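Peer 1: Letter by letter, the chains look like this.
Number of protein chains: 2
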Amino acid sequence: MTTTADVLPTTSTEQLDERVRAARTGYEQAREVAPRRRAEWLEAIASALEEHAEELVPLAREESHLATGRLQGELKRTVFQLRLFADEIVGGEHFAATIDHEDPSWGMGPRPDIRRVNVPLGVVGVFGASNFPFAFSVIGGDSASALAAGCAVVHKIHEGHQGLGARTGQIVTEALEAAGAPAGLFSTVTGRTAGQALVDHPLVRAIGFTGSPAGGRALFDRACRRPVPIPFYGELGSVNPVFVTERAWAARRDEILAGYANAATMGMGQFCTKPGVIVVPAFDVDEVTDVLRRELGTKPLTALLTPGLREGFDTALAAVRALPAVDDLIVGDDAEAPRPTVLITTSEDVRDDATVLEREIFGPATVIIQYRSEDELEELASLLGGQLTATIQAEPDERLTGLVSALHAKSGRVLWNSWPTGVTVSYAQHHGGPYPATTAPATTSVGTASIGRFMRPVAYQSFPEAQLPSALREANPWAIARRVDGHRTRKSNTPEGEAR
Amino acid sequence: MTTTADVLPTTSTEQLDERVRAARTGYEQAREVAPRRRAEWLEAIASALEEHAEELVPLAREESHLATGRLQGELKRTVFQLRLFADEIVGGEHFAATIDHEDPSWGMGPRPDIRRVNVPLGVVGVFGASNFPFAFSVIGGDSASALAAGCAVVHKIHEGHQGLGARTGQIVTEALEAAGAPAGLFSTVTGRTAGQALVDHPLVRAIGFTGSPAGGRALFDRACRRPVPIPFYGELGSVNPVFVTERAWAARRDEILAGYANAATMGMGQFCTKPGVIVVPAFDVDEVTDVLRRELGTKPLTALLTPGLREGFDTALAAVRALPAVDDLIVGDDAEAPRPTVLITTSEDVRDDATVLEREIFGPATVIIQYRSEDELEELASLLGGQLTATIQAEPDERLTGLVSALHAKSGRVLWNSWPTGVTVSYAQHHGGPYPATTAPATTSVGTASIGRFMRPVAYQSFPEAQLPSALREANPWAIARRVDGHRTRKSNTPEGEAR
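Residue numbers (this note's numbering), protein chains in the order written: chain A, 1266 to 1765; chain B, 1266 to 1765.
No wet-lab data here; the hints were simulated from the structure. None of these values were measured; they are calculated from a predicted model. Check before you lean on any hint, since a few could be wrong.
Said to hold, decoys possible - Label pairs and their computed distance ranges (CB to CB):
| id | chain 1 | residue 1 | chain 2 | residue 2 | range |
| --- | --- | --- | --- | --- | --- |
| 1 | A | Asp1486 | B | Leu1648 | 47 to 55 angstroms |
| 2 | A | Ser1647 | B | Arg1616 | 52 to 60 angstroms |
| 3 | B | Ala1318 | A | Trp1371 | 14 to 22 angstroms |
| 4 | B | Trp1371 | A | Ala1584 | 33 to 41 angstroms |
| 5 | A | Leu1468 | B | Ala1547 | 30 to 38 angstroms |
| 6 | B | Glu1316 | A | Ser1370 | 20 to 28 angstroms |
| 7 | A | Ala1600 | B | Ala1299 | 53 to 61 angstroms |
| 8 | A | Ala1547 | B | Asp1368 | 37 to 45 angstroms |
| 9 | A | Ser1670 | B | Glu1316 | 54 to 62 angstroms |
| 10 | B | Arg1637 | A | Trp1371 | 29 to 37 angstroms |
Think of the CB as a built atom: it goes at the ideal place given N, C-alpha and C, for glycine as much as any other residue.
Using the sequences provided together with the hints, build the complete structure.
Peer 2: Spelled out as structure tokens, the structure:
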């Protein structure tokens, strides 16, 4: 496989330092602009991406091997995300602006006037993922949310799509410049050394990362070891198990297998939310094999994203196949565009050795676990590590309180009769989960709630109105959502807007 | 100095493990109770503390040497905090419940029904502080917010008040039991080994800590190194600088000095928010010395909290006094209850060596920095490390945009013409700040916002109503504040409650 990786020069440590310093300057110049102004910058980036779609999608296709339709959809998602974030920051929820007026009769003793607002952290380092060259890369969720928060971004381009990364970076930088944003607010770097220097740089205040458990943990450790540690928002690995009840299996086995085969091989199984394991009642092997062969046979095959990922896939698959209690159900091949593999084991074996619940196989391979009794499901759930998602396939009237509770304890998103691969960008979305799914289980990397990751609160005590930041002034000049003396207020801050 | 520390047995690692396991069981039993029920538990603890005030305050006085009036006020604050948190969780802000209904015309493609709610993390380990034996100790802010979040707490009693700690722990445990809370939800342990084992225990999901920079960083590193890292909410050190403008100094020098002397020696200077440094225009040394001697001479003197803190005070004071550019203005003594010390240096010297801005002297000693020109203030602010607070003393009509901006970048709370030692418990309070003030700058350890530290979000996708957690059901049975399709709603979830 050839990529443009070889022709792009790697960023030196000196160049990295220059870009981080320029980003800091840009951040300082932009720190206090009104949300409407910042929203225009995000919208300018969104429009520029749309304008360059016909150039960017083929570039992405060439470097990632992903299908054109999928990449067009991903670019649409990326553009939508920027516009949703623009709208969100105008509403001002991300400021979490809170005002407590002076209160001489406050229960613990007289209360001074205290007002709190979230402020942007500063320069954020973002590491792009290989598997979503738009949505989780240069100007994907981490970069968009950091810019929406008011931070500057230095993005480390993924080795897997350096040509696309560099071109996207140019388009973003030019769009920001044309929209009047300060220089330096967004830039890109390349190469492993620059990535490490980015995590270490004293002016960098947070890291957004999507990638492998090993690489993510190494950078997390690095961020913790700094003289001044910084938050590391890392999305690492997840097997995204699916649990099928006896009744659901009896009622619609083939439909479930078809849905599973589709979700598990979408993008050649290279989704962080790929359902890697499905737990089902004991079945007739010939029948299930026939259904899966038929479903899997219709899926388009492409090469994996990068040679490194292919090597990782082969290694992980070999390791799981080598487990004594794991058998082949459908064996793929080692072609450049490999056909999917399906392995099989039993709940009893998993209770002895939970490796299949722990080891993500990033690529087109999955494991089916057969159980004898539905009573085993909660115990199997308890053996899971932290997950991005966990899915239940059940009949609509089933009550599975114990299983739902067990799965919510292990994962960031729990699904009912749907598939985890689609991650909608919205207000309620949570794309996160306990370690090792992420290194920051309280945060999401998708949806409007992701903006707050790149902010911290500052309280102002007894400040004169004229010296307060706009978000906290009595007249609410930015017309943002606030909480005043414990009550939610309308944007206009009128008393009838109380929401409690 | 004698304390009951010697007579209390330290907790063995086995006992620690038992308590953590019991806490996990208690947490699981309590996890899904309605907020009103949990609020009753907090209120039961508050009432029990009030009932035992006459027993607890003398115990605290004996072990901490703090004055009775101060301890009574601190207990009142602790009780108020529990009741405010009880009220807050009934309102349900901490759930951040967010509902996005299914939307086939959502901009990036059809949106499924997604609902997000914050859930409690599990067992939380809390390390009590020596300087607030009620408000930041056994059932202080960290424990109260963790219980309010729905977590169980294992509290490591501070060596400085083990008798009070053990007795408070009993009272809390009995109050919870009498109120019908599950066993194990709250317990205490003692000793350094148990403290370390608490940070390491696989069932512990977060740590709350208030203490020294060295001890806090060691435990932070420990929490990061775990196979499954956990958040470490540590409040470490802060010099809490005060910046005085030329006009304020000219208009009310003696009043400022009196306020400063009071704040800096309150509780013998053993406040995390003690203003340790004041930056003022060049002055007449004799006059200022006279004012300070007079003000400081009226303050009651007591022994420091513990022999260890006394040793730390002596060491830090000696180190700062040994700096070549630091001179004595008022020299205290080395009595068991030491008189306050005031040191003096210049802005020019601080620009050469910023140690006085970095080294907290925990106890009754402060540093005055004289500047030549107000233009230097922003530069001095830029030399600061992360702070809990930074204070400006200015005339009401002064415009200090640059200085306010420089200070907000360095601290969690910025004050105008007030003193940082009072930290009111309210909705808008933020008691936190950039490292080394804390290890988690996006969180507060005081105020209702502290509850969210001990929760993480879970999203439910396409769930049937009957299987959703109560906080997310369409009918809003707990009548909590929510955000629905992007709009804030009243508790009753009626459309007229929209707050955007």
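Peer 1: Given a hint of 20 to 28 angstroms, does the C-beta separation of Glu1316/B and Ser1370/A actually sit inside it?
Peer 2: Hint holds: Cβ distance 24 angstroms, inside 20 to 28 angstroms.
Peer 1: Do Arg1637/B and Trp1371/A keep their Cβ atoms within the hinted range of 29 to 37 angstroms?
Peer 2: violated (41 angstroms)
Peer 1: If I claimed the Cβ atoms of Ala1600/A and Ala1299/B lie 53 to 61 angstroms apart, would that claim hold in this structure?
Peer 2: Given a distance of about 57 angstroms, which is inside 53 to 61 angstroms, the answer is holds.
Peer 1: Is 54 to 62 angstroms respected by the C-beta to C-beta distance linking Ser1670/A and Glu1316/B?
Peer 2: violated (36 angstroms)
Peer 1: Could you say whether the range 14 to 22 angstroms given as a hint is met by the Cβ separation of Ala1318/B and Trp1371/A?
Peer 2: holds (20 angstroms)
Peer 1: Is 37 to 45 angstroms respected by the C-beta to C-beta distance linking Ala1547/A and Asp1368/B?
Peer 2: holds (39 angstroms)
Peer 1: Per the hint of 47 to 55 angstroms, is the separation of the Cβ atoms of Asp1486/A and Leu1648/B within bounds?
Peer 2: Roughly 29 angstroms apart at Cβ, these two residues miss the hinted range, so it is violated.
Peer 1: So does Trp1371/B sit 33 to 41 angstroms from Ala1584/A, Cβ to Cβ?
Peer 2: holds (40 angstroms)
Peer 1: CB of Ser1647/A to CB of Arg1616/B, is that within 52 to 60 angstroms?
Peer 2: Roughly 58 angstroms apart at Cβ, these two residues keep to the hinted range, so it holds.
Peer 1: For Leu1468/A and Ala1547/B, compare the CB-CB distance with the range 30 to 38 angstroms and indicate the outcome.
Peer 2: holds (33 angstroms)
Hint violations for this structure: numbers 1, 9 and 10, all remaining hints satisfied.
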